[in-house]
Amino acid sequence: MIIDPLIEWEALPLAVVLSSFVPGIAIMFLREDQQLLRNTLNLVGAVAKVLFVAFMLQGVALGGTYAWSLEVLPGLALTLEADALALLFVTLSAVLWLVTTLYAIGYLKDSPNRTRFFGFFSLCVTAATGLAMAGDLFTFVLFYEALTWTTYPLVVHNGTPEAVKAGRTYLVYTLGAGTILVVGAVLFQVTTGTVDFVPGGIVDPTAAAAQPVLYTTIFLFLLVGMGVKSAIFPIHGWLPTAMVAPAPVSALLHAVAVVKAGAFGVIRLIHSLFGIGVSWDLGVTTVVVVAAAFTIIYASVRALAQDDLKRILAFSTVSQLSYISLGVALLDPMAHVGGLVHLVHQGLMKITLFFCAGLLAQTLGVKTVSSMGGVARRMPLTMAAFTLGALGMIGLPPVAGFISKWYLGLGGLGADAPWILGVLLASSLLNAAYFLPVIRTAYFDERNADWRLPESLKGLEADWRLIVPTVITAALSLGVGLLAASDWSPLGWALLIVERGDL
Amino acid sequence: MGGMDVATSSAPALGLLIAAWGVPMALSLLWCSRFTRGVGLALAPWGAVPALALAIWALTRTELAEGEVLFADLPFLFTGVHLSLDLTGAIFLLFTSILWVAGGAFAARYHADDERRHPFFVLFVLTMAGNLGLVVAGDLLAFYLFFALMTFAAYGLVAHDRSDAALRAGRIYIILAILGELALLTGLISLGVAADGVPLFGSQMEGVWEILHEGHPTALPVLATGTLLALGFGVKAGLVPLHLWLPLAHPVAPTAASALLSGAMIKAGLLGWIRVLPAETSLPLLAGGFLVLGVFGAFYGVVCGVAQDDPKTVLAYSSVSQMGYMAMGTGLLLHDPELAPLALAAIGVYALHHGLAKGALFLSVGVADKVPGGPDPHRTEETASGPDRRGTWILTATSLPALALAGLPLTTGSLAKNTLKDGLAELGGTAYSILDPLLLVAAFGTTLLLARFLSTLARRRREALANQHSKSLAPAGKVVAANGGRAQGTHGLVLPWILLVGIGTTGVVWIPTLIPSPEAVALPAALDGWLVGLLPVLLGALVGWGLSVRPTVLGSLRTIRIPAGDALIPVEHGLGRLTLPSQEALVTRAEGWAARKMAQLSPVIRMADRWARGDIRSMEGVFLGSLVLGLALALAGLLLVP
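These protein sequence lines are chains A and B, in that order.
Using our numbering, the letters of the first sequence correspond one by one to residues 1 to 503.
Using our numbering, the letters of the second sequence correspond one by one to residues 504 to 1145.
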């Protein structure tokens, strides 16, 4: 078999990180009116990242891994390692970064401070991909903190008092979590003498059994550190508040990159550091499972009471994120598959929903459900995409969400925890209760708000740079479910991770 | 069910198994563009033709009656989709596709001037794809996939009118549908765990039930799984007390949609029962439940239905009642593996008969509404006052499927009922000695209900004519708009309806040929058999006629009115009083307070605040951030170095 030299290039992980870092820094030094150059840098970086990732996917599918390392301090190295698990997250980030960049260019076409925005936007993605490929806890923490700092300017981008307040809440939560995470990481290093991520865990079971209190404490420190970004109750409060950010930020960062960083951290914590066996023996997974189950229900109930579309989506994100933690914390391979695959599925569906919310706000000025009456006649493509995403969230086949729910359900029963099934069903029911009325309002109600009707029916319903990404992600949400049986689907990849023991 | 599954796969089978649902699915894509949606509108009514071709082609193959299963595999799709068609499936596919073609043709004319015809037909073809797809689905998840597609797309058909009543019906429909879907999903997951994958229908399915049965010392999991699946499909099949959506949805849905809901779609629940529930693992409790709820439903539908004034509501309750019979058949199927072939034949014939008859009856309501009175609708004075000859014809033709449903000898109804009765007789013992007289009374009730239908239909016809009359007295331009426009005349309505009546009425000849043992569905041989069939019908018709000519009798009988949706009304009333406690304000205040307090404590956050407001110039913020980050990392590094 002829293997492409690119597939064997060891520094591919670094290339992936740099493909957004370099444009990000370069953009910072551009003038506000150098639009063409800025957009070109952005898009070239995004396309390059997708290509690099595609090469790595092939290489890893053939059985290889990519590792790149740089010693920063004696005994402490910056390690990037792309195994199958890392690639699950990296691929998601890379593909969605590309479509969101296009969306953001269209969304912010008349807004100020775009240089700052796109600069930090690229740095954010750098942090997210770096964290995904972190080979040890040190590298992970580094990128995790960087993610906080690069996201903050995006949250407060509008500069309104409301945005400043939201930014403050954001920092309170994430800085607090960051500090706790660093303490946890230091404790881990001091106790175990290593911080490497190893499939199956690196903690010695006998040592953990000898000092259960110490290990439980370390686990909980790290869990709180990760839990804030993955918005587990009661440390989820920043996410709905952060919805004042522009739609592309909410879409990519608060539905995918930032929150998934937290969820991914929980996966690394349970599977690559402690190992699922040790975690179960310590009883700490029970904490994760119960907290996640509660979050799933609690956030859905909160979503019911909202009228602001983005806040509904935010609470829905809080709820759906906990599916991931729930899945990976259960002692059943099917549940792991469900949790892992939901990392991708939730991202695709939720980014679609946020894109739609942005489209409605930008094109018609519609931001609340109560003013959505009849918008489907004005924006059929947008609402078709929204409907797909929402039905997927409820878990209807063949949209992606069903696949996640099916495997989580299998895992719940397989792990002898039938109550998990009850949580999943209640969540579906609540999802239906807050998403279906939105769809009904948009399609079946009379127009009830003062948005302009199109002057003519020629052309698209909105800026093509907003429509195209939305249609792509909606198609992906459907496609990954419809072709779930394929090897290259997220499900196929999640099965590969679990079957290979890469978790 | 069980036994030998002889799976055969051939090119025409593969093509038709995919085209059956793929063609309507592809048609829905035509609405993606404004330029092709006109084509979609023209083709949508005929989307079920490939499915009809498949049904006819399959049923003409003798191998099918010998246990052959047509089979196609789409391993790349979804979780790996299997398509298959056995004899039962082919019978379901036959009436389902006939109804979709007839309903489509009817709807094409009915909605020709409807400003919402585009949304209607998109959802029409999607519902069609789901309904036809589930009939040819060969595994658990493929069935669920198509079932969900049909259920959710059909919401748009129910709520098409956008009136308050339609939206309410839609709401009740979707709530029950979701609860049903969730019950199904739970049951399916339970089977999925036992199967360690997705089982195919037939012997694999039976094997999974065996595993589930043997894997647990108590019967609880197997019973819970069976009950959840029975209830999940029961919502669709109108199993009392899950029938509540039926009498609300049918009157408000457009006529063609009602015909399809009652004729074809509720049978999807029935097919689900047959496909998924175990015939070989004995679940006596579940079988008993089906028998009891079936008998109860057969009566309950009659009692509620007789009290209705809208002919479509009467028909909806008639469907509830008739689905009771099919639930009895399912109970028989689950009761004893020995009786399974007989039970399957009975269910197949019953579903086929009921689907065709009920579809024709629903369409007759639309025909009675729209066909103008008299030879010339524009010569208004005479026609409005003169005898309504067309109306008489319509009522006469309508009474054919009505009598069939009532079970008059020499109709498809008597075939279906006799087959079912023969099966139930095999139960023997006390069960049958109770069932036998009950069935006689139920037959009387059914006739009474259909007499009620015909009298409400006649009244609706009179009202429709009066309406047309007053319309024609309006300015001439409006009359042209109402009667002219895109489609002249009402042949487009009458033709599909008459065709359906004809296919149903002649069914008594061709239906027995579809069954491997035609003697099982033969007409009763002895005279007393004929009498037993005839008597309740005559009695019911007599009483029904008496009540309709003396409405005061009925009026005094109905001192307690039963609203459409019966038991739902007190439930809705009760739920209306419940309000969710508002936690919103409290939570927001608590979060705000915590954020403010923490912000006061931290200089870093205050600095960030100023940067965000624009008090500090932009790059400084970045340096500030990097500084803090660098410090944190240096600290961490120092600690980490041993």
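By construction, these hints were calculated from the structure, which means they are not laboratory data.
Computed from a predicted structure; not experimentally measured.
Keep in mind that the hints are not guaranteed to be accurate.
To be verified - What follows is a set of in silico ranges between Cβ atoms, one per label pair, in the way DEER data are often shown:
no. : chain 1 : residue 1 : chain 2 : residue 2 : range
1   : B       : G525      : A       : R465      : 48 to 56 Å
2   : B       : D667      : A       : T217      : 22 to 30 Å
3   : B       : F538      : A       : R31       : 37 to 45 Å
4   : B       : T721      : A       : A433      : 54 to 62 Å
5   : B       : P1019     : A       : G277      : 51 to 59 Å
6   : B       : E1075     : A       : Q211      : 57 to 65 Å
7   : B       : G525      : A       : L304      : 33 to 41 Å
8   : B       : R537      : A       : S69       : 24 to 32 Å
9   : A       : D33       : B       : V542      : 42 to 50 Å
10  : A       : E162      : B       : V542      : 45 to 53 Å
11  : A       : G365      : B       : D617      : 47 to 55 Å
12  : B       : A529      : A       : T40       : 37 to 45 Å
13  : A       : N448      : B       : L532      : 38 to 46 Å
14  : A       : G365      : B       : R537      : 57 to 65 Å
Idealized CB from N, CA, C, for every residue including glycine.
Status of the hints after comparison with the structure:
1. B:G525 to A:R465: 48 to 56 Å: 34 Å, violated
2. B:D667 to A:T217: 22 to 30 Å: Violated: the Cβ-Cβ distance is about 59 Å, outside 22 to 30 Å.
3. B:F538 to A:R31: 37 to 45 Å: 44 Å, holds
4. B:T721 to A:A433: 54 to 62 Å: About 34 Å separates the Cβ atoms of T721 (chain B) and A433 (chain A), which means 54 to 62 Å is violated.
5. B:P1019 to A:G277: 51 to 59 Å: For P1019 (chain B) and G277 (chain A) the Cβ distance comes to about 56 Å; the hint holds.
6. B:E1075 to A:Q211: 57 to 65 Å: 59 Å, holds
7. B:G525 to A:L304: 33 to 41 Å: Holds: the Cβ-Cβ distance is about 38 Å, inside 33 to 41 Å.
8. B:R537 to A:S69: 24 to 32 Å: Hint violated: Cβ distance 56 Å, outside 24 to 32 Å.
9. A:D33 to B:V542: 42 to 50 Å: Given about 47 Å between the Cβ atoms, the range holds.
10. A:E162 to B:V542: 45 to 53 Å: 49 Å, holds
11. A:G365 to B:D617: 47 to 55 Å: 31 Å, violated
12. B:A529 to A:T40: 37 to 45 Å: Holds, at about 39 Å.
13. A:N448 to B:L532: 38 to 46 Å: Between N448 (chain A) and L532 (chain B), where Cβ atoms are some 31 Å apart, the hint is violated.
14. A:G365 to B:R537: 57 to 65 Å: 25 Å, violated
When each numbered hint is compared with the structure, violations occur for hints 1, 2, 4, 8, 11, 13, 14.
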